[in-house]
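We have chain C; now place chain F with the ligands onto it with these hints.
Chains as they are written, first to last, in the working numbering: chain C, 16 to 175; chain F, 180 to 374.
Source of the hints: derived by calculation from the structure; they are not laboratory data.
Mixed in with the good hints, there may be bad ones.
Here are a few chain C residues that sit away from chain F, every Cβ distance over 10 angstroms (derived from the structure) [said to hold, decoys possible]:
#1 GLY90
#2 LEU110
#3 ARG124
#4 ARG131
#5 GLN146
With a straight-line cut-off of 25 angstroms between C-alpha atoms, the simulated DSS-like cross-links for lysine-lysine are [said to hold, decoys possible]:
#6 C/LYS103 with C/LYS40
#7 F/LYS273 with C/LYS52
#8 F/LYS335 with C/LYS52
#9 C/LYS172 with F/LYS250
C-beta atoms are modelled at their ideal positions from N, C-alpha and C, and glycine is treated no differently.
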Amino acid sequence: MPQSSFVMYEEEYREITSSIDKLLKEANAKCVYLVDKDGQLIASSGETRDIDATSLASLTAGNIAATGGLAKLIGEKEFSILFHEGEKDNIHISLIEQRVILVVIFDKRSSLGLVRLRVRKASEDLARSIQKLLARMAGGSEKESLLEEISDEDIEKLFN
Amino acid sequence: MSFINYSSREINCKIVYYGPGLCGKTTNLQHIYRKTRPDAKGKMITLATETERTLFFDFLPLALGDIKGFKTRFHLYTVPGQIFYDASRKLILKGVDGIVFVADSQAERMDANIESFENMKVNLEDQGYNLSQVPYVVQYNKRDLPSAVPVEELKKVLNPEGVPDFEAVASDGAGVFETLKTIVKLVLIELKKSS
Ligand SMILES: Nc1nc2c(ncn2[C@@H]2O[C@H](COP(=O)(O)OP(=O)(O)OP(=O)(O)O)[C@@H](O)[C@H]2O)c(=O)[nH]1
Ligand SMILES: [Mg+2]
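Next up, chain C with everything else stripped away, as it sits in the complex (with noise of 0.2 angstroms):
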């Protein structure tokens, strides 16, 4: 249904960042981004300054969603791994869990080769937060009562 919501907890938050930290290190990448398929951002790691991340949120989660477009018109489920390679920088892009895209960007001090061996692990970790995450969604008490304790002046106030 349109209103439930995609929640992020601490713990879990500290076990995805410590994935794409990993991630980062083992890749040789400059930085790795987590986007939800709605096109927010769930985490990062890297140099990542000089990077519009809510940008490169929405950007990706428009490709992957047009590249799905694709796909099921040719008959496929999804392509899970879209690659762009530049003069200097690449993109390495897949999805998890049908749920979370990773971005891991990397210069010639990586390689195509190595990117997609780590992020394979790394997946699997990943994997198994998003599965913790998501069940603990669907429990969701603390989500509920931050939204019962908004009340209607905390929304009007907001355009003061």
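Structure of chain F with the ligands alone, referenced to chain C:
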């Protein structure tokens, strides 16, 4: 789909501007972008054709202040209104939390408005939503043009449910923020209800 992050203490929601080609969806976002303080907005992304028609989407991230210590962020998207971009429109509706339907008030665009409204319902259903469960508002844009149809007539056809609706001249900014404020409120109220 809204995204609540307890770690960064943020609530994120997605709002989509829908409507027929050239009705002024992109113009709404451009006005919001121009009038928002630099610290409250991110980059606006426009994926458009050479002739400035939206090709895939426009995207504008906005930060609106805190609720219970959580930052609220709204991601505004427009769809491409031209009929043949239907596949892209479907994709952009994924995960939507609220919709602004922008209608073109000109008499000669009446059929296009109706077609787009019907198309929106079909595309929502394809994504497993039903319009009656999604917060939405209607904006009657281009009120400044001589061939603008009386609002009462537009209401009859495009707002039978009587959701909040607004007259606008998006190119001058009139009605743009009233529309935005109302959809933001409806989205937050719905979020609260969902708990
Ligand atoms: N007169 C008048 N012109 C407007 C108004 N709002 C937008 N326009 C103009 O209408 C044209 C189309 O506006 P856009 O915002 O690009 O339309 P759109 O809905 O994004 O169109 P697509 O991307 O093709 O779906 C532009 O030239 C705008 O300046 C209005 O209220 N009055
Ligand atoms: Mg447009």
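Hint check:
1. With 10 angstroms as the threshold on Cβ separation, the claim that C/GLY90 sits away from chain F holds: the shortest Cβ distance comes to roughly 16 angstroms.
2. Every beta carbon of chain F lies more than 10 angstroms from that of C/LEU110, the smallest distance being close to 14 angstroms; the non-interface claim holds.
3. The beta carbon of C/ARG124 is kept farther than 10 angstroms from every beta carbon of chain F, the shortest such distance being approximately 28 angstroms.
4. For C/ARG131, the shortest C-beta to C-beta distance to chain F comes to about 27 angstroms, beyond the 10 angstroms cut-off, and the non-interface label holds.
5. Every beta carbon of chain F lies more than 10 angstroms from that of C/GLN146, the smallest distance being close to 18 angstroms; the non-interface claim holds.
6. As the CA atoms of C/LYS103 and C/LYS40 are separated by approximately 19 angstroms, the hinted pair is consistent with the 25 angstroms bound.
7. With a CA separation close to 9 angstroms, the supplied pair F/LYS273 and C/LYS52 stays within the 25 angstroms bound.
8. This hinted pair does not check out: F/LYS335 and C/LYS52 have alpha carbons roughly 37 angstroms apart, beyond 25 angstroms.
9. Taken as a hint, the C/LYS172 and F/LYS250 pair is honoured in the structure, with Cα atoms around 13 angstroms apart against an allowance of 25 angstroms.
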